[in-house]
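Novice: Chain by chain, the residues:
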Amino acid sequence: MSVVGHQPPPFFNRGPAPLARLAFFVALSLLLLVLDLRFHTLELVRQGVALITYPMQRLAYAPEEAFGRWDNYLTSLAALEQENAELRQKQLTTARLLLRQEHLEQENQRLRALLDMKQRQPVTSQVAEILYAARDPFSRRVVLDKGTRQNIAAGQVVVDELGVIGQVTRAFPMISEATLITDKDQAVPVQIVRNGLRSVLFGTGDGNLELRFLAANADVQAGDVLVTSGLDDVYLPGLPVAKVTRVDRDTTYAFARILCEPIAGVERHGQVLVLGPREAPPPPPPAVETQDKPDKGRKGKRKE
Amino acid sequence: MQPTPASKRILLPVRGWFILLTLVLAMFANMIPFGRLPGLPDWLALVLAFWCIREPFKVGMAAAFLAGIVMDVGSASVMGQHSLAYVLLAFAAGGLSRRILGFPLLQQAMQILPLLLGAQLVMLVARMLGGADFPGLLYFLGSFSAALLWPPLTYLLLLPQYQPVEKDENRPI
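Just so you know, the protein sequences line up as chains B and P, in that order.
Counting with the working numbering, you get residues 1 to 304 for the letters of the first sequence.
Counting with the working numbering, you get residues 1001 to 1173 for the letters of the second sequence.
Hints should not be assumed to be uniformly reliable.
Claimed, not checked - Quick list of simulated restraints, FRET-style, between CB atoms:
{"no.": "1", "chain 1": "P", "residue 1": "1013", "chain 2": "B", "residue 2": "150", "range": "29 to 37 Å"}
{"no.": "2", "chain 1": "P", "residue 1": "1138", "chain 2": "B", "residue 2": "81", "range": "14 to 22 Å"}
{"no.": "3", "chain 1": "P", "residue 1": "1138", "chain 2": "B", "residue 2": "259", "range": "16 to 24 Å"}
{"no.": "4", "chain 1": "P", "residue 1": "1037", "chain 2": "B", "residue 2": "19", "range": "46 to 54 Å"}
Unchecked claim - Which stretches of chain P does chain B cover? Using the computed rule of at least three CB atoms under 8 Å from a CB of chain B, they are:
{"no.": "5", "region": "1081 to 1088"}
{"no.": "6", "region": "1104 to 1117"}
{"no.": "7", "region": "1145 to 1157"}
Quick caveat, the hints were computed from the structure, so don't treat them as lab data.
Quick reminder that beta carbons are idealized off the backbone N, C-alpha and C, glycines included.
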């Protein structure tokens, strides 16, 4: 081995020169960067290295986990009683809806059968826990405590009790990484509940969301609720995603600037639900495919 | 009592397993989840820079590359991001090791700061070329806190080399 300022005499062979070594390793790193950013072909390498990092990550998480348990143990009886009462109240208020839901679902199914419409797809789901936010400051990802061993696969949707949080983008054997909807690269096809207007929702990278490519005179108002449209074959239709907070209509631009905030507790930790994969619909007739295909951003490429 | 080449103190040779242990511990410290707290030092970069400066013939670009790959997976970033930054850091640290070791500890820390900032800048450029957003100037705070940690870290990492093998009252040094 040789170092920049230290030139060894030729009879002490210390391997290639530092600049040659630097060029080799930099080229290798750049190759990895391009392969991962452009072609996404390094998942197998990542799985291999994750075998080393998983025990370390788990061990590094242990103090926080222990602290959480200790904190839980010390929670006072009064606080627990209060929480219990609140939950009971909540259950009573939602019971009315729940009791009728089964009945309504059956009725819906019968009506759909009568009308000869496509059946709504049943949903399977798994409870997972958000372990921590990934260290990478350039993206918004969280690490979940379930992986491919619990049948979690990349592409599944992650929700909490209020709405959509994100999507599983990488699944390792024991853990998985979910990209939050507030990430800059994450796009969710949505529609406005009030008037059914369809669009695509993008993260802004700072914890908020933005509806892009809607005309300046589009019928959007502050306070509108956005739900998934289900057109992408990934998200189930009707899951609440975001609420419009501000609409800027500047006539110098072709599109309105529409800012939204997520409905679900996207940046909070806790338990989440990973929805099962959606069944692929029958392929569209070939004649339609030659027509203009709506661009769905990254979602379109990732469908299973 | 500064363990610089100018110091009176003679250090024991470093043990290979100790270097490996400190690198693994630094990696471990990097993986402790602190959420999005700004100003957290990149422990692995700091310890790598330390060994590249202290033992340029033992720790170099190959070690930096491997450590970078593990860090890439551990922090869920793009493959090659950390390895590129760490390789460049190791090259610069190894090349400047003679120069940096000639300074007292606080001035060493000031020489380390641009190295660490450079490594962060490399990662920033790599990610922004890949389409990521600028995470804010607080992102660079980590390098400053890491540079502040340089003097205590130097003392800590050289501690195993301070002890003499056997006590000899008649030994001149």
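Novice: Does each hint hold? Answer for all of them.
Specialist: Hint check results:
1. 1013/P - 150/B: 29 to 37 Å: Cβ of residue 1013/P to Cβ of residue 150/B: about 49 Å, so the range 29 to 37 Å is violated.
2. 1138/P - 81/B: 14 to 22 Å: Cβ of residue 1138/P to Cβ of residue 81/B: about 41 Å, so the range 14 to 22 Å is violated.
3. 1138/P - 259/B: 16 to 24 Å: About 23 Å separates the Cβ atoms of residue 1138/P and residue 259/B, which means 16 to 24 Å holds.
4. 1037/P - 19/B: 46 to 54 Å: 38 Å, violated
5. 1081 to 1088: Since three or more residues must qualify, the claim that chain B covers the region 1081 to 1088 of chain P holds, with 5 doing so at under 8 Å.
6. 1104 to 1117: Since three or more residues must qualify, the claim that chain B covers the region 1104 to 1117 of chain P is violated, with 0 doing so at under 8 Å.
7. 1145 to 1157: Check failed, 0 qualifying residues.
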